[in-house]
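Protein sequences, first through last, are from chains W and Y. Residue numbering for the first sequence follows this note's numbering, beginning at 1 and increasing consecutively. Residue numbering for the second sequence follows this note's numbering, beginning at 1 and increasing consecutively.
Rather than coming from a laboratory, the hints here were simulated on the basis of the structure. Hints are not guaranteed to be accurate.
Restraint ranges, calculated between C-beta atoms of paired labels, are given here [stated by the list, open to error]: (1) G101/W <-> A174/Y: 23 to 33 Å; (2) V183/Y <-> K516/W: 23 to 33 Å; (3) L117/Y <-> K25/W: 31 to 41 Å; (4) I48/Y <-> A339/W: 25 to 35 Å; (5) A182/W <-> F147/Y: 31 to 41 Å; (6) L130/Y <-> Q378/W: 49 to 59 Å; (7) E134/W <-> H181/Y: 15 to 25 Å; (8) V311/Y <-> H167/W: 49 to 59 Å; (9) P206/W <-> G94/Y: 25 to 35 Å; (10) Y362/W <-> K72/Y: 36 to 46 Å; (11) V391/W <-> H181/Y: 33 to 43 Å; (12) K192/W <-> G94/Y: 48 to 58 Å.
Derived pair list, reagent style DSBU-like, types lysine-lysine, alpha-carbon separation capped at 35 Å [said to hold, decoys possible]: (13) K61/Y <-> K431/W; (14) K397/W <-> K72/Y; (15) K56/Y <-> K192/W; (16) K117/W <-> K72/Y; (17) K166/W <-> K56/Y.
Residues from chain Y shown here face chain W by an in silico Cβ test under 8 Å; the list is partial [said to hold, decoys possible]: (18) Q85; (19) A143; (20) P145; (21) R276; (22) E320.
Owing to the predicted nature of the structure, the values given are computational and were not obtained by experimental measurement. The beta-carbon is built from N, C-alpha and C at its ideal position, and this holds for glycine as well.
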Amino acid sequence: MSKRVLLGVLLACGLAAPALAQEPKAGGAINAVIQPEPPGLMLAMVQNGPVQMVSGNIFEGLLRYSPKLEPQPELAESWSVSEDAKTYTFKLRKGVTWHDGKPFTAADVLFSLEMLKQTHARARNNLAQVDKVEAPDDYTVVFTLKQPFGPFLGIFEVGSMPMVPKHLYESTDWKTNPYNNAPVGTGPFMFKEWQKGSFIRLVKNPNYYEKGKPYLDEIYWQIIPDAAARSVAYETGKVDVLPGGSVENFDVPRLSKLKDTCVTGAGWEFFSPLAWLWLNNRQGPLADKRVRQAVMFAIDREFAKDVIWNGLGKVATGPSASTIKYYTDDVPKYPYDPAKAKALLKEAGYKGEKIRLLPLAYGETWQRWGEAVKQNLQDVGMNIETIATDVAGGNQKIGDWDYDIAFTYLYQYGDPALGVGRNYVSSAIAKGQVFNNVEGYSNAEIDKLFAEGAVATPDSKRKEIYEKAQKILVEDVPVAWMLELQFPTIMRCKVKNLITTGIGVNDGFKDAWLDK
Amino acid sequence: MLSFVAQRVAKGVIVLLAIVVLNFFLIRLAPGDPAVVMAGEAGASDQIFVQQLREKFGLDKPLPEQLFIYVKGIVTLDLGFSFRQQAPVAKLIGERLPATLLLTLTAFAISLVLGILFGTFAARFAGTFLDTAITVFALIFYAMPIFWVALMSILLFSVTMDWLPSFGYETVGANLSGPAHVVDVARHLIMPAMTLGLFFMATYTRMTRASMLEVKRLDFVKTARAKGLSDAVIQRRHVLRNALLPVVTLAGVHSGTLIGGAVITETVFAWPGIGRLMYDALLQRDYNLLLGVFVICSAIVLIFNLITDLVYRLVDPRIEFST
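Work out the full structure: start from the sequences and follow the hints.
Structure below.
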């Protein structure tokens, strides 16, 4: 089965190449699935996957990122960095208007930054390095940093830093602003209609600054809560695009075989979702490094990739996904080796103490993975008890450190300073919160390396630091890294140029067109 | 009768209040912090951000104070603000309620009409092949889980035969109006309403059949027969009318179950009703929205029960209104 999917991916890549050479055709509507229904569409106020997927068409950031994560112009047409790497000057594109016709200027950028600091956790963390922002004129914005910050040029994509119309939000209660329900951006598509529970309709922005774009007239985001029903909607021709994660993984091979269907795993390079098992380093058998290493040897990750994830993705080698900066695979290796796992458990003196495993309540694929991991660990003699929770309950248990092993997957955001360090440094240990160092790993050297890595210059220095950090972490196994996930996007082959950047379908459909 | 209705409404308000208080504490007993869910991956690791969210939505206040604020709001018909969807709860429910009412009332009508019809036939021809066929048919639908029936109907009527749309309330992008729109919505309604209705239909079939057979044995039926009334008149006026009383009772009780079933049906068929709203609110620990849906659903159940009592009287005029 996995071979077929891979074939589909290759086919999609193969088809993408001639598509670039073809002249795009204007017109038509795309029906895509959105799951779950976004709680809102104002990207500055709410940030989760579905919100960005729809709003990435309405709002824009200063920059976009190529699949290799190189910055590209969006609302900023150019940028320059000072010699001391502390001053970044952005030149904004002229002639850009908001969907209501008002011009987009540097004042909007300054306002957006102020708003995001209060409403957008990731933007706030990213902007913590900024000392001041100034707008010498309407089309120039100058960021002065407190100190050099290596990943600074990587924080401007639309989801991390969407631009907000100052004239509609200034001096209003942001929480109840009516434009939250009818968002106004600068993007290629404009909000038109939201039938709650049914669909969201976006229409072409006729005044978009990139002449000729977008090519599509309309996008309908169909809200279908049941995974099986989403598969049927594609199968019966009612939707054209199933973005990554829309259907259960076991349905991917079947849908990929349908006539005129293309599949691609591209478009996740910026997020690089990396799945791992939180291991509670504080207590019980897992406090012993040898038991944690045994967990790595005990789990058949190739099996999980081939069978549970249909061959998509990649076995993780450590804390960084291979798609992000400064990744190295020159780290200790943990192939599937139950005998070695047993030996390590024996050496550590493990005597069958009960270990609580929390699967992730994200549907059947994760449930099956939980069962497979349980089986692997039981095979080497570990006494595993599965604790079933829903997402909110699971988060609470993990945040309260009330677990032994727990599934998760987190985004990397292109740079170790943005998406990796937060999971391993001692300063990120805080009870009651999740998605930080909930495993309780504490290593002064790692703290020092991540602190240095964020501000080091030039890039070669950063590379050296992060490679060293990866080696230490992989030796210590604070968490058990499983797979670099790749959520396949399934679409009709007539949909061209859907994925052109490192954030894929989350970046808006401005380049997409229909070969009718 | 008016005083009966007034008294029942007054009692209903007290029951609703009790439901609010009970549910308020029950929901909060569930593990999981709504602020953490709202903050998402990037925000949940930032303590200050999570705390700001708690403050923004009043989640940092003591529970009794939160309850007081909530109840005070209900008195002025304000069901609070949805943390997650950042919109007034009443507005969110108002957008979805018509779809749920359309679905549940259609399912209810289908189940009641078909159930009574099949039950009557089965009783009339008790012991024959027809009776056995109806009983087995009813048993099958009674035993099958709603979600399974839903998926199988999609497989049959949408995927294989391509007769009916598999999801949604209307054809998106078709921009239909007038009779064409009504037909379009009806086509979308058939499968969810049948799926939801069949389970209850099975119950009413069995109940009508059993009840009619029981009534048939009673003395007044024998008397009617002795008087020389025709079989059709006896069945319609004497047997069915009396046999319907337990069915009406059951139908009243089912109003709550029907909404419960709608959660599954709406999810599978992407029907934009409050069942899904409830499901999403539960997963996201959106307390106000969840409570709001409970309050509205409870109110609907209370109204249904009141209607049941009134219908009772219509079916059997000997029953007096008393509270």
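What are the numbers of the hints that this structure violates, sorted from low to high? 3, 4, 7, 12, 19, 20, 22
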